[in-house]
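Listed below, chain by chain, are the residues.
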Amino acid sequence: MSGVLLTRLGKLWLLSILFFLYAPILVMAFMSFNASQYYQLPFEFSLKWYEKLALNTEILDAATRSIAIAIVTTVVATVLGTAASVALFRFEFRGKRFLQVMLFPPIAIPWLITGTAMLIFFFGIGLGRGTPSVIIGHVALAIPYVIVVVSARLATFDATLEEAARSLGANAWTVTRRVTFPWIVPGIIAGALFAFAVSFDQFVISYFLSEPGDSTLPVLIYTSIRKGFTPEINAISTIIISVSMVVMLIAARFSNFGGER
Amino acid sequence: MAEVSVKNVTKKFGNFTALDDVSMEFPDGGFFALLGPSGSGKSTLLRTIAGFLFADSGSIHIGNKSVDLIPVEKREIGMMFQNYALFPNMTIADNVGFGLRVRKVSSDEERRRIGEALELVQLSTLGDRKPHQLSGGQRQRVALARAIVTNPRVLLLDEPLSALDKSLRVDMQVELKRIQHEIGITTIFVTHDQEEALTLSDKIGILREGRMIQSGPPRSVYNNPVDRFTAEFLGDANIVAENDGNGRLNVSGNPSIKIPEGAETASALAVRPESLSISATEPEQEGLSKVHGRLVQRMFAGAMSTCIVQCGSHTYKMVARDQDVPNLSEGENIWLSWKSAQTIVIP
Ligand SMILES: Nc1ncnc2c1ncn2[C@@H]1O[C@H](COP(=O)(O)OP(=O)(O)OP(=O)(O)O)[C@@H](O)[C@H]1O
Ligand SMILES: [Mg+2]
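From first to last, the protein sequence lines stand for chains U and P.
Counting in my numbering, the first sequence runs from 13 upward without gaps.
Counting in my numbering, the second sequence runs from 48 upward without gaps.
Just chain U, same shape as in the assembly (with noise of 0.2 angstroms):
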């Protein structure tokens, strides 16, 4: 009896988890839906601000702007963290600890403090503001994501199944590339969503490094809604939602998130 009520209690338990998290993103979807422009009842079903929404060309091109740097971030990343994970794995030598070490202090740095440090560190070396310095800023950001999470695949790899493959006739790069790649790449598409995701949603470094003429779409989101919000932006956070929604499914479906084989 007790162990029915348990279960459903934890089911109850689960489901007003699930709600707090997607019930304010629910009624931002719903409004997108709504006609009015400042949330008024009854709902009437509108696509007028998807409409609108296609004709702002800030918000697309904010939004473009963003999808291009976090792909390039997550590709750039993705590769010096994978390539960096296994030589860390494979070699040993002076001042690896220390290095590893140091990759975790950037994850728990204020943004805020590492965005100042970026900042004053582009001008002075010349670079300033712009594109460039948001996508090196990004990837600084990333890296240290996607050594984590590969590493800790890694860690499950049997290194005498390198040993054996050499012992069979294969070269390091042939090793690298049928051995050790085909077992971490669940860690590697989880580092490259991690990279995403670190991009994507990335807005106080974006802040400091963006022009202000090309800002990112969290940027340019965050200095509408000081203006005064419109439904627009739900608009197009409703569509950002379904799309990386749909993303992590697919990955969590063909990756395990780095599970036993």
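Be a bit skeptical, because a hint or two may be false.
[What the hints assert, rightly or not] Quick list of the computed label-pair ranges, beta carbon to beta carbon: (1) A49/P x P118/U: 50 to 58 angstroms; (2) D291/P x Q112/U: 55 to 63 angstroms; (3) E104/U x H179/P: 27 to 35 angstroms; (4) H179/P x P118/U: 32 to 40 angstroms; (5) D274/P x E104/U: 35 to 43 angstroms; (6) A167/U x T64/P: 51 to 59 angstroms; (7) H179/P x Q49/U: 53 to 61 angstroms; (8) A184/U x N55/P: 28 to 36 angstroms; (9) A95/U x G231/P: 52 to 60 angstroms; (10) I137/U x H179/P: 47 to 55 angstroms; (11) S267/P x V91/U: 56 to 64 angstroms.
Because the hints were derived from the structure by calculation, they are not lab data.
C-beta atoms are modelled at their ideal positions from N, C-alpha and C, and glycine is treated no differently.
Following the hints, complete the assembly by docking chain P with the ligands onto the known chain U.
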């Protein structure tokens, strides 16, 4: 000519010497065991032969060619690992074919050779499975098939059977020996298990603290150990007399232990448990060495029985077929005797 030869190899880790001037010859087609206590350098020696480690000095030849500067992947070795190290993402057939694909063998020939290798290890029907769908013994066979399919010059095995339970291990020993014999591959094999080493090999090498103490055919090492360590490590040995420090053997005031001719200055005399006979009365035959003592314990273990006998300050262990042990009870006074020719002289 030796297929593999290890000449004066020294290997250090920091300032710890893991291999100290080790030399051993491994003639073509033989089955060799490296034996020694934990930490004696067996794996280090095997891994140096494989090329995973490089010697600090000395040299290793495979097939008359120095391989000191040749990396693992070019040494033409086959290796089997303790945990099998099968590639989890590949099928059994792909695992076995890995070395062939790396060598860019045509796909027809690859298929044929995978088939032959799987047949050799009697797993022909399992080619499409993944490693996690096999039992321990089957994985073992796959690992073996994968190691030999490329026709390596030498097969290296680091405690390949230690993860198997006793009965499966004996089956695999027989299997391994059969396959080795069938393809005639030079095989070097690391083991903790002295019985395994004695059963399987044409020649064994005993390592201790990084030094090669003795190498030779199992029977000769067993019967003529070069020192007390080897005598006691390889099988059991009852030390019956020790050097008294003045260069003379001390038989503990027991004149019925005969000192073999020329052995007066040896460091010790020993006798194997299976050489001993036990009796309630003093045996009168000629040419026997004997000691008087008290039966402390008698242990029945199926085919064989073990007796522990206390003779003064010495404890003797005796092993015999149960029907050859007279009906004696624990605590009785008895005699142990052995043919003097069975006395092992430790130089
Ligand atoms: N990479 C290494 N760095 C430092 N010391 C090492 C290294 N590899 C082995 N050793 C040391 O060298 C010695 C010999 O090791 P090895 O693995 O060859 O022993 P082994 O005879 O195979 O022992 P076991 O029977 O336990 O496997 C050990 O004392 C070990 O601690
Ligand atoms: Mg070992």
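Now the hints, each set against the structure:
1. A49/P x P118/U: 50 to 58 angstroms: Given range 50 to 58 angstroms: holds, Cβ gap about 57 angstroms.
2. D291/P x Q112/U: 55 to 63 angstroms: Check passed, 60 angstroms falls within 55 to 63 angstroms.
3. E104/U x H179/P: 27 to 35 angstroms: holds (30 angstroms)
4. H179/P x P118/U: 32 to 40 angstroms: holds (38 angstroms)
5. D274/P x E104/U: 35 to 43 angstroms: About 37 angstroms separates the Cβ atoms of D274/P and E104/U, which means 35 to 43 angstroms holds.
6. A167/U x T64/P: 51 to 59 angstroms: violated (32 angstroms)
7. H179/P x Q49/U: 53 to 61 angstroms: This hint holds: roughly 59 angstroms between Cβ atoms.
8. A184/U x N55/P: 28 to 36 angstroms: Since the Cβ atoms of A184/U and N55/P sit about 30 angstroms apart, the hinted range of 28 to 36 angstroms holds.
9. A95/U x G231/P: 52 to 60 angstroms: Given about 44 angstroms between the Cβ atoms, the range is violated.
10. I137/U x H179/P: 47 to 55 angstroms: The hint (47 to 55 angstroms, Cβ to Cβ) holds, given that I137/U and H179/P are roughly 52 angstroms apart.
11. S267/P x V91/U: 56 to 64 angstroms: holds (60 angstroms)
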